[in-house]
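A.B. asks: Using the sequences and the accompanying hints, generate a full structural model.
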Amino acid sequence: MTAVLPLVDEFALGLDAPICLTWELTYACNLSCVHCLSSSGRRDPRELSTDECKAVIDELERMQVFYVNIGGGEPTVRPDFWELVDYATEHHVGVKFSTNGIKITSSVAERLAASDYVDVQISLDGATAEVNDAVRGVGSFATAIRAMENLHAAGMKNFKISVVCTRQNIGQLDEFKAIADKYGAQLRLTRLRPSGRGADTWDELHPLPAQQRQLYDWLVAHGEGVLTGDSFFHLAAFGSALPGLNLCGAGRVVCLIDPVGDVYACPFAIHDNFLAGNVRSEGGFQGVWQTSSLFASLREPQTGGACSSCSAFDACRGGCMAAKFFTGLPLDGPDPECVKGYGESALDSVEAGSQPKPSLDHSHTGKRTQLTLISAPSRPDRACDENPLAGLSL
Amino acid sequence: MNNFDLDAGWRLHPQVAVRPERFGALLYHFGTRRLSFVKTPTLLRVVEGLADARSARTACVEAGVDVAQMPSYAKALQTLAASQMIAPKEAA
Chain A
91 MTAVLPLVDE FALGLDAPIC LTWELTYACN LSCVHCLSSS GRRDPRELST DECKAVIDEL
151 ERMQVFYVNI GGGEPTVRPD FWELVDYATE HHVGVKFSTN GIKITSSVAE RLAASDYVDV
211 QISLDGATAE VNDAVRGVGS FATAIRAMEN LHAAGMKNFK ISVVCTRQNI GQLDEFKAIA
271 DKYGAQLRLT RLRPSGRGAD TWDELHPLPA QQRQLYDWLV AHGEGVLTGD SFFHLAAFGS
331 ALPGLNLCGA GRVVCLIDPV GDVYACPFAI HDNFLAGNVR SEGGFQGVWQ TSSLFASLRE
391 PQTGGACSSC SAFDACRGGC MAAKFFTGLP LDGPDPECVK GYGESALDSV EAGSQPKPSL
451 DHSHTGKRTQ LTLISAPSRP DRACDENPLA GLSL
Chain B
484 MNNFDLDAGW RLHPQVAVRP ERFGALLYHF GTRRLSFVKT PTLLRVVEGL ADARSARTAC
544 VEAGVDVAQM PSYAKALQTL AASQMIAPKE AA
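Chains as they are written, first to last, in the numbering used here: chain A, 91 to 484; chain B, 484 to 575.
If you are wondering where the hints come from, they were derived from the structure by calculation, not from laboratory data. Think of the CB as a built atom: it goes at the ideal place given N, C-alpha and C, for glycine as much as any other residue. Heads up, some of the hints might be wrong.
Label-pair distances were calculated between CB atoms; the ranges are [stated by the list, open to error]: (1) A565/B with D99/A: 22 to 28 Å; (2) R370/A with A500/B: 45 to 51 Å; (3) A534/B with R152/A: 50 to 56 Å; (4) A204/A with P554/B: 39 to 45 Å; (5) R505/B with R152/A: 14 to 20 Å; (6) N486/B with P135/A: 29 to 35 Å; (7) Q567/B with S330/A: 24 to 30 Å; (8) P571/B with A204/A: 23 to 29 Å; (9) A500/B with A243/A: 28 to 34 Å.
C.D. replies: Here is the structure:
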């Protein structure tokens, strides 16, 4: 038997099945968040049917993928949403789903509180209606708070409040924590990425350099009590690593299945360049995961390119592939938010308008949330940015 | 600091599923929704042997753990017990 490598290196080479994955069940959404990483809004007529979804769940059970992070769009607007959740948990596939809270009524909350196998994540991008609704739409703060009240009243413990960190809400971290504490929830902070509609709004929404430091210090101070999905590993270059293993799992230990069954390397990379195949193909999801040439290439040893001589490379590993791609940067160079500042100078050399465009757009036509607070719209938080390595007891 | 009782009987928690991997295994607890990694194949053999062994120490010996390694395996089992991946048999 060949020697067993350190776990991070084992993961970098890929596993025969993902540890977990993100599954976006629909592109339909009642909101039009300005940073939506999947450019959701309208249902796609080609979306997987109930039976096709169940066939995917059967595969996940066989492959022992123990849980999926379900998102969308707004997954709960699918008429078969609860049927699929029940089917998954009956087949040993745990479910965590992200929602804006629209369907989390008292009775739904009671049902969720009664199940060990389902976890809920409420998206909230501002600790006040003013900041939240500027990116997520008018009334969305009230909807999210009502959902939290219902979950809390039903006795649901430790549900998640998921926040995409932006320039406008970095100053509210303590207030987010207070909201989570009030409802017996756990706070989860994730990184804004220039994916989907986020590509159009990233310039106005992404945290400024000084705010990144503020965020890093806050995360260090709060330790493992606050979840991050390991999405801030580019900040590790500030100093000590944040809790969790710092690894991009795209196509190696995680992936995305989109509503029409397309399999992408990660939820932030909905673009033909990162499309590995479709679950409707002959080999199904397993065939895509195990034989896609794209995933095979991601599982090869990667070079750091321009970053490999940087003292921080071992900490940040060059940052996020999707963030680089959608800002027009080379994949083997610095992250656009590189804390050493190399990203900013690299961005200066990107020709305006040359950035890759997302391959799909399901946005509501003529109806976009207007950023009234500072400016543009924002993107919702998609699930399997929950890095499987987050919060592990190793 | 490590008070894991090697001489007690232990077993996998009934809500825990095991996925063997080259490096060891993934463990997932459907009740706590937590994932853990078993980082060596030997530790996986220990974990799999717990149910049929009289004690955790016996499971370790049968999996090939020698006396010098026993403290580190006790520590690993303590970690798994703390996250409810394994449980004492009498608590079943």
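A.B. asks: Given a hinted range of 29 to 35 Å, is it respected by the beta-carbon distance of N486/B and P135/A?
C.D. replies: At 60 Å between Cβs, range violated.
A.B. asks: CB of A534/B to CB of R152/A, is that within 50 to 56 Å?
C.D. replies: Since A534/B and R152/A have Cβ atoms about 24 Å apart, the given range 50 to 56 Å is violated.
A.B. asks: In this structure, is the beta-carbon distance linking R505/B and R152/A contained in 14 to 20 Å?
C.D. replies: holds (19 Å)
A.B. asks: Is the hinted range of 45 to 51 Å satisfied by the C-beta distance from R370/A to A500/B?
C.D. replies: violated (28 Å)
A.B. asks: For the pair A204/A and P554/B, does the Cβ-Cβ distance stay inside 39 to 45 Å?
C.D. replies: holds (42 Å)
A.B. asks: At the C-beta level, are P571/B and A204/A separated by a distance inside 23 to 29 Å?
C.D. replies: holds (27 Å)
A.B. asks: Tell me if the beta carbons of Q567/B and S330/A are separated by a distance inside 24 to 30 Å.
C.D. replies: At roughly 29 Å between Cβ atoms, S330/A and Q567/B fall inside 24 to 30 Å, so the hint holds.
A.B. asks: Does the Cβ-Cβ separation between A500/B and A243/A fall within 28 to 34 Å?
C.D. replies: holds (32 Å)
A.B. asks: Should the hint that A565/B and D99/A are 22 to 28 Å apart at their CB atoms be regarded as holding?
C.D. replies: Roughly 26 Å apart at Cβ, these two residues keep to the hinted range, so it holds.
Hint violations for this structure: numbers 2, 3, 6, all remaining hints satisfied.
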